[in-house]
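Colleague: Let the sequences and hints guide you as you build the complete structure.
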Amino acid sequence: MSEENWIEVGSTDSIEEEDLIRFDHQDKTFCVYKLTDGFYATDGICTHEAVHLEDGLVMDDEIECPMHQGIFNIKSGEALSPPACEDLKTYPVKVDNDKIFIKID
Amino acid sequence: MKNNIIILGGGQAGIYAAREIRQNDSKSNIKILGEENLLPYERPPLSKDFLLDKKKEEDLYFHSSDVLKNENIEFENISINKVDFENKKLFAKNDNVYSYDSLLISTGSENKKLTLDNNLKNDIYYLRNLEEAKKIKEIVSNKNKITIIGGGFIGLEIASSLSQLQKKVIVIEIGNQLMGRIIPKQIADLVQYTHIEHGNEIILNKQIEKITKKNGDYEILLNDNSLIETDFIIAGIGSTPTVKLFENTNLKLDNGIVTNQFCETSIKDVYAAGDVSNFYHPFYERNMRLESYQHAQNHGICAGKNIAGVKTEYTSIPWMWSDQFNLNLQLTGICDEYDEIIERGNDINNGVIYFFLKNNKIRGACGVGIIGKVGRDIRITSKLSEKNTIVDKQILSDQNLKLNKLMQK
Ligand SMILES: Cc1cc2nc3c(=O)[nH]c(=O)nc-3n(C[C@H](O)[C@H](O)[C@H](O)COP(=O)(O)OP(=O)(O)OC[C@H]3O[C@@H](n4cnc5c(N)ncnc54)[C@H](O)[C@@H]3O)c2cc1C
Ligand code: FES
Chain A
1 MSEENWIEVG
11 STDSIEEEDL
21 IRFDHQDKTF
31 CVYKLTDGFY
41 ATDGICTHEA
51 VHLEDGLVMD
61 DEIECPMHQG
71 IFNIKSGEAL
81 SPPACEDLKT
91 YPVKVDNDKI
101 FIKID
Chain B
1 MKNNIIILGG
11 GQAGIYAARE
21 IRQNDSKSNI
31 KILGEENLLP
41 YERPPLSKDF
51 LLDKKKEEDL
61 YFHSSDVLKN
71 ENIEFENISI
81 NKVDFENKKL
91 FAKNDNVYSY
101 DSLLISTGSE
111 NKKLTLDNNL
121 KNDIYYLRNL
131 EEAKKIKEIV
141 SNKNKITIIG
151 GGFIGLEIAS
161 SLSQLQKKVI
171 VIEIGNQLMG
181 RIIPKQIADL
191 VQYTHIEHGN
201 EIILNKQIEK
211 ITKKNGDYEI
221 LLNDNSLIET
231 DFIIAGIGST
241 PTVKLFENTN
251 LKLDNGIVTN
261 QFCETSIKDV
271 YAAGDVSNFY
281 HPFYERNMRL
291 ESYQHAQNHG
301 ICAGKNIAGV
311 KTEYTSIPWM
321 WSDQFNLNLQ
331 LTGICDEYDE
341 IIERGNDINN
351 GVIYFFLKNN
361 KIRGACGVGI
371 IGKVGRDIRI
381 TSKLSEKNTI
391 VDKQILSDQN
401 LKLNKLMQK
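Order-wise, the sequence lines are chains A and B. Counting in this note's numbering, the first sequence runs from 1 upward without gaps. Counting in this note's numbering, the second sequence runs from 1 upward without gaps.
By construction, these hints were calculated from the structure, which means they are not laboratory data. Heads up, some of the hints might be wrong.
Claimed, not checked - Simulated DEER-style distance windows between Cβ atoms: (1) B:N205 with A:Q26: 43 to 53 angstroms; (2) A:E17 with B:E340: 29 to 39 angstroms; (3) A:E18 with B:Q261: 27 to 37 angstroms; (4) A:E18 with B:K168: 29 to 39 angstroms.
What the hints assert, rightly or not - Within a straight-line C-alpha distance of at most 25 angstroms, the following computed PhoX-like cross-link-like pairs (lysine-lysine) qualify: (5) A:K89 with B:K55; (6) A:K89 with B:K56; (7) B:K2 with B:K69; (8) B:K137 with B:K56; (9) B:K137 with A:K28; (10) B:K383 with A:K75; (11) A:K28 with B:K55; (12) B:K54 with A:K89.
Stated by the list, open to error - Only part of the chain A face toward chain B is listed, based on derived beta-carbon distances under 8 angstroms: (13) T47; (14) V51; (15) H52; (16) D55; (17) G56; (18) L57; (19) E64; (20) P66; (21) M67; (22) H68; (23) P82; (24) P83.
Positions of the beta carbon are idealized from the N, C-alpha and C atoms, including for glycine.
Modeller: Written out as structure tokens, the structure reads:
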């Protein structure tokens, strides 16, 4: 993949630990998380209904949807608890000079 | 040892119990007996996305038939109409007999019916299952002015969906607020305002005196002598646990099947879970009966563990939601035991939550807001309550202060 696919999200201190920020790019929404072992990114909308996960709760490696408590693993995107049953798409993240980049395909 | 385990009622609690039993017990025969000719499916979308055509029948099933096959869980479409607990047998209408070593009763709940003249019995619709949802969906496509009797969660969700289908909707509620007294009046008023804003008419404090059929339409006479003309009527006036089958047996009943914290009933080897059970909750030190998605799932799982011999207490903090228009309402814990109420926020766009405290600890909370705005705080509230945290009321009441600050203490 070409270099252009890495999109800058913001500075590393824009996210608190065990928290997330929403990042919109073109017509898509992403969530970028800071976990104890680094940064991760997923789609920003729950796979159950069209709800922004930015308002959800991050616990350990999981994001819980604010609407019906569907739970996803942030690192793998796996849907862990109903009513969410479809996995969440994840994206590679890199940090360069205190800046976070995500790779969007 | 190989056991015959029967699950009576193929709904949410039943399927989660079956899969949990299989996780812990690879040998026993597990059979679900369900009177709906459908694999277990989710009911919440019936009043919402299914009516709106955003979800189809195939989206509602918890698991495919392949999952059941792989886990060697049998599903049989049959209605049981007699039980013999002494000889551990169930009898079906077609004379089939089923013997069990362990039995889980997960027959759910059923809608209360209006007392009406016989000639009107088939004219009023109710919503509990997929078949009824399909029928309602089909009929409303040709109707314009629809009356919902009962302003509870399900009635209001139907009202929201039908309004989004461009129908004129009237809701008649006997009480002085929507959704019953368990919901803070302020929150009920916010929800009512949203319905009105979308064109729904909400009539409170009124009773129905008479319904008359007129040229295929209906006239509803209220106790203040006002008359409502309507072309379709749906009633959502509450539900009762499905226990008729057990009424003349030794099974202890009291607002459902009485169970302890291990989902055990008064009869050995007979368990109950989900809407049908009035269970003992050790955290609240009292019995309760819940009708919610999260409870049906977790209670089913807990019953499954206990049936498989993994003794497990049910300690889940209650939680439920309702979606109406662009609002999401959530309830956690219990909201009827408190010595103080604290309000967080006052604008529906940012979410409004009422916390119910007893001895400075949260017992329950109820919140409503534009989709996504109360979920995180309600979830944190459940955790604070579960941990018996003494809460800082300043943080609870100030929406600018994050609730997870209370968690780190
Ligand atoms: C329209 C609607 C909307 C809802 N929306 C929400 C929501 O938004 N949020 C929320 O938290 N909860 C909601 N709920 C509640 C939630 O769906 C229920 O609490 C849950 O389904 C209960 O699961 P259960 O397994 O106990 O019972 P059920 O799912 O009702 O299953 C019981 C099954 O047992 C079968 N049965 C009964 N008697 C017999 C017999 N004698 N022989 C064979 N089979 C039998 C029944 O036919 C049924 O299939 C909603 C419910 C409805 C009806
Ligand atoms: S919208 Fe996320 S779980 Fe339902």
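Colleague: Compare the structure with each hint and give your call.
Modeller: A quick look at each hint next to the structure:
For N205 (chain B) and Q26 (chain A), the hinted distance range of 43 to 53 angstroms is satisfied, since their beta carbons lie about 52 angstroms from each other. Range check, E17 (chain A) to E340 (chain B): about 33 angstroms between beta-carbon atoms, so the 29 to 39 angstroms window is met. In this structure the hint that E18 (chain A) and Q261 (chain B) lie 27 to 37 angstroms apart at CB holds, the actual value being about 32 angstroms. Separated by about 48 angstroms at the C-beta atoms, E18 (chain A) and K168 (chain B) break the suggested range of 29 to 39 angstroms.
Our distance criterion of 25 angstroms between C-alpha atoms is met by K89 (chain A) and K55 (chain B), whose separation comes to about 21 angstroms. Taking the CA atoms of K89 (chain A) and K56 (chain B), the gap is near 23 angstroms; set against the 25 angstroms cutoff, the hint holds. Among the hinted pairs, K2 (chain B) with K69 (chain B) is consistent with the structure: their alpha-carbon atoms are about 18 angstroms apart, no more than 25 angstroms. Distance restraint check for K137 (chain B) and K56 (chain B): the Cα-Cα separation of roughly 12 angstroms lies within the 25 angstroms cut-off, and the hinted pair is therefore satisfied.
This hinted pair does not check out: K137 (chain B) and K28 (chain A) have alpha carbons roughly 33 angstroms apart, beyond 25 angstroms. Under the criterion of a C-alpha separation no larger than 25 angstroms, the hint pairing K383 (chain B) with K75 (chain A) is consistent with the structure, at around 23 angstroms. In summary, the hint linking K28 (chain A) to K55 (chain B) is supported, as the alpha carbons are separated by about 23 angstroms, within the 25 angstroms threshold. Note on K54 (chain B) and K89 (chain A): the hinted pairing holds, with a Cα-Cα distance of about 22 angstroms set against a maximum of 25 angstroms.
Nearest Cβ of chain B to the Cβ of T47 (chain A): about 12 angstroms, over the 8 angstroms cut. The hint is violated. Among the interface hints, the one on V51 (chain A) holds; its C-beta lies about 5 angstroms from the nearest C-beta in chain B, closer than the 8 angstroms criterion. For H52 (chain A), the shortest C-beta to C-beta distance to chain B is roughly 6 angstroms, which falls under 8 angstroms, so the interface hint holds. Taking 8 angstroms as the C-beta cut-off, the interface hint given for D55 (chain A) holds, the closest approach to chain B being about 4 angstroms.
This hint holds: G56 (chain A) has a C-beta 6 angstroms from the nearest C-beta of chain B, less than the 8 angstroms allowed. About 5 angstroms separates the beta-carbon of L57 (chain A) from the nearest beta-carbon of chain B, less than 8 angstroms, and the hint is met. Restraint check, E64 (chain A) versus chain B: the minimum CB separation of about 6 angstroms is within 8 angstroms; hint holds. At a threshold of 8 angstroms, the smallest CB-CB gap from P66 (chain A) to chain B is about 3 angstroms, leaving the interface hint in force.
Nearest Cβ of chain B to the Cβ of M67 (chain A): about 6 angstroms, under the 8 angstroms cut. The hint holds. For H68 (chain A), the interface hint holds, since its Cβ comes within 8 angstroms of a Cβ in chain B; the closest pair sits about 6 angstroms apart. Contact between P82 (chain A) and chain B, as hinted, is supported at the beta carbon level, the nearest pair being about 7 angstroms apart and thus within 8 angstroms. Residue-level restraint check for P83 (chain A) holds (minimum Cβ-Cβ distance to chain B is 7 angstroms; threshold 8 angstroms).
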